[in-house]
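Peer 1: Okay, here's what each chain looks like letter by letter:
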Amino acid sequence: MSEPVLRVERLRVAFDHPLGKVQAVDDVSFALTPGERLGLAGESGSGKSTLALSIMRMIKPPGRIEAGAVWLNGGRLADLDEEGIRAVRLAGIALVPQGSMNSLNPILRIGQQIADALIDHGLRLGRRAEEWRVAALLTEVGLPANVARMYPHELSGGMKQRACIAIAIALRPKVIIADEPTSALDVVVQRQVMATLARVQQELGAAVILIGHDMGLMAQFVDRLGIMYAGRLVEVAPIADIIAHPRHPYTRALIASLPSLEARGALAGIPGLAPSLRDLPPGCAFHPRCEFATDRCREERPVLRDVAGVDVACHLA
Amino acid sequence: MAPLIEAVDVGKRFTGGLGRESILALDGLSLAIDAEKPSVIAVVGESGSGKTTLARLLLGLAEPTTGEVRYRGEDLRRLGRNSWRAFRRDVQAVFQDPYGVYNPFYRVDHVLSTPVRQFGLAASRAEARGLIEEALRAVGLRPEEILGRYPHQLSGGQRQRVMVARALLPKPKLIIADEPVSMVDASLRATILGSLRNLTDQHGISILYITHDLATAYQVGDQILVLYRAHLVEAGAIDRIVTTPQHPYTQLLVSAIPHAHATRDWIKQENEEPRNGVDMMSHGCPFADRCAHATSLCAVAPPLYRTELRRVVACVLYREYPTLAARELGSWLSA
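Read top to bottom, the protein sequences are chains A and B. When the letters of the first sequence are read in order and numbered with the working numbering, they come out as residues 2 to 318. When the letters of the second sequence are read in order and numbered with the working numbering, they come out as residues 936 to 1270.
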């Protein structure tokens, strides 16, 4: 197995709040091999986006990284100064944040916004070279080069999302984190954008972390899937295994709640609500919603352990 | 007896500003909802297909530019005061955003007590409380966990279910739900859709479920209307249409849904759509420029072909079948 390009080790992120500390990411570890596609799935509030931001060291107060480390290409990100981490963002790890297609600057042409990424990282190209580079990036994400001269409102949702991918790959990152990149798009456009992301990622040899809650999208795109619940990873397994044999009851419920075109009228929601991160139940955080919970689940917190080659945090697995 | 709500060849065109082109939001569409036969009708289409325009026309929030919407046989625009009030009570709406509809300064009780007061549903406070609790239970909520709270203390799923409970209070005959679960977590969608379906089965309320998500439509719907760029492309019994789509656009839509399968066949080439050189014809088939089967026949808007007992398709591929006049779609669907 090749050296991991990204390694997250026992990362803990908390938000300070007058009513008590909110543990948004709790002891999360994983490694990403070059070119791998890892999915992170879970309900809203499970810590997926916070995890992405903390990998980029973009957590702002009252949030803070309490413990743990992130290693990119063998270098510890926590050791970098502010300038150093700025250089790593986009060039080492690029984030396509949630709703990023709506965060394009409405009064700047698309070409200018892509060029800004280059300039910001000290790439002083001549005007011609810069235009050429922007056009090449647009072509790479399947957009016509004349999009460079357009404003965001002239583009459709799928085109805007592609423009955001063009910005993300402008500096040839080795890791791309895409936070629900297609949640605002129609299914047909979603498939096209994901196909673009898949091709660009392969051309770059970059690893991808895809964040979302659509298990169908995960099943079709990622190689390995991590399931998050209440800030913790509760299951990590190759995608085919997790779809065929989900081991954690929460994973099973997530898959069952996906409306499918096969079994009609078989809608199964997950009973109850996700717990408050300020006041987690003792033992396994999922036990109040779990139909299999035993006394042990109510008292002892399960750790992520290897069960037949799959990592799962459940006493019953 | 006249149906509860009937849209007859109803269309909407938004005029552009000075010198701008007008935009067709919905081409003449017919639809009928019979109060005697409660069912869930799903309206599916991508953004810009005209599905929200249809909802607004049926609710009387927008005026049609062609055709008319009738409430118990009367044009909405000519309803008298009392009929309008009855319409307002019989037809309720649930919208997309469960975060934006609440006033953060009022307790949740406020949105529930308003319709009780407006429609004079209860004679006393205790009776009002009873009605509200009953409505909350009907959507699977526990009143003691909801009442007395502020909107920010509820989750998105709870808020949206409170909106369904609110719509339920006046004992309507029809609820028009425009993307009610698109802003809710996948795990909660099932619960909310389940409570909507339950309203039809247990309380005899028809639902017009408007969505871009074919998979959820399939889970709750009885009939389906598939819209594309302001035009109806396929309609009929949902189980037939979703399992064996006939219109090339419906086929594309069904194939684009990612499945939670171990077989990975979803990602295709990015530009899967043929650029077939056919112009998007203003009078022809709206899908012609993206369609692999497009021919010169597509230059004329296709009629509705009755390919099956419970299905119509607007595509010349099925031209050997008998046609159905567009105006008759409503009565045909509700028959």
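By construction, these hints were calculated from the structure, which means they are not laboratory data. Remember, it's a predicted structure, so these values are computed and weren't measured experimentally. Glycine residues also receive a C-beta, built at the ideal position from the N, C-alpha and C atoms. Each hint should be verified, as a subset may be incorrect.
[Said to hold, decoys possible] Computed Cβ-Cβ distance ranges for the label pairs, DEER-style:
| id | chain 1 | residue 1 | chain 2 | residue 2 | range |
| --- | --- | --- | --- | --- | --- |
| 1 | A | 81 | B | 1117 | 50 to 58 Å |
| 2 | B | 1013 | A | 292 | 50 to 58 Å |
| 3 | B | 1197 | A | 265 | 20 to 28 Å |
| 4 | B | 995 | A | 11 | 54 to 62 Å |
| 5 | B | 958 | A | 199 | 30 to 38 Å |
| 6 | A | 137 | B | 1179 | 49 to 57 Å |
| 7 | B | 1079 | A | 296 | 38 to 46 Å |
| 8 | B | 1190 | A | 61 | 36 to 44 Å |
| 9 | A | 317 | B | 1197 | 18 to 26 Å |
| 10 | B | 1032 | A | 132 | 52 to 60 Å |
| 11 | B | 1079 | A | 307 | 38 to 46 Å |
| 12 | A | 137 | B | 1133 | 48 to 56 Å |
[Unchecked claim] Here's a subset of chain B near chain A, in silico, CB distances under 7 Å, partners left out:
| id | residue |
| --- | --- |
| 13 | 971 |
| 14 | 972 |
| 15 | 973 |
| 16 | 983 |
| 17 | 1088 |
| 18 | 1089 |
| 19 | 1090 |
| 20 | 1122 |
| 21 | 1133 |
| 22 | 1135 |
| 23 | 1195 |
| 24 | 1201 |
[Unchecked claim] Negatives, chain B to chain A, calculated, CB over 10 Å:
| id | residue |
| --- | --- |
| 25 | 957 |
| 26 | 982 |
| 27 | 1072 |
| 28 | 1091 |
| 29 | 1120 |
| 30 | 1126 |
| 31 | 1188 |
| 32 | 1189 |
| 33 | 1193 |
Peer 1: Checked against the structure, which of the hints given earlier come out wrong?
Peer 2: 1, 6, 7, 10, 13, 14, 15, 16, 17, 18, 21, 22, 26, 28, 29, 30, 31, 32 and 33
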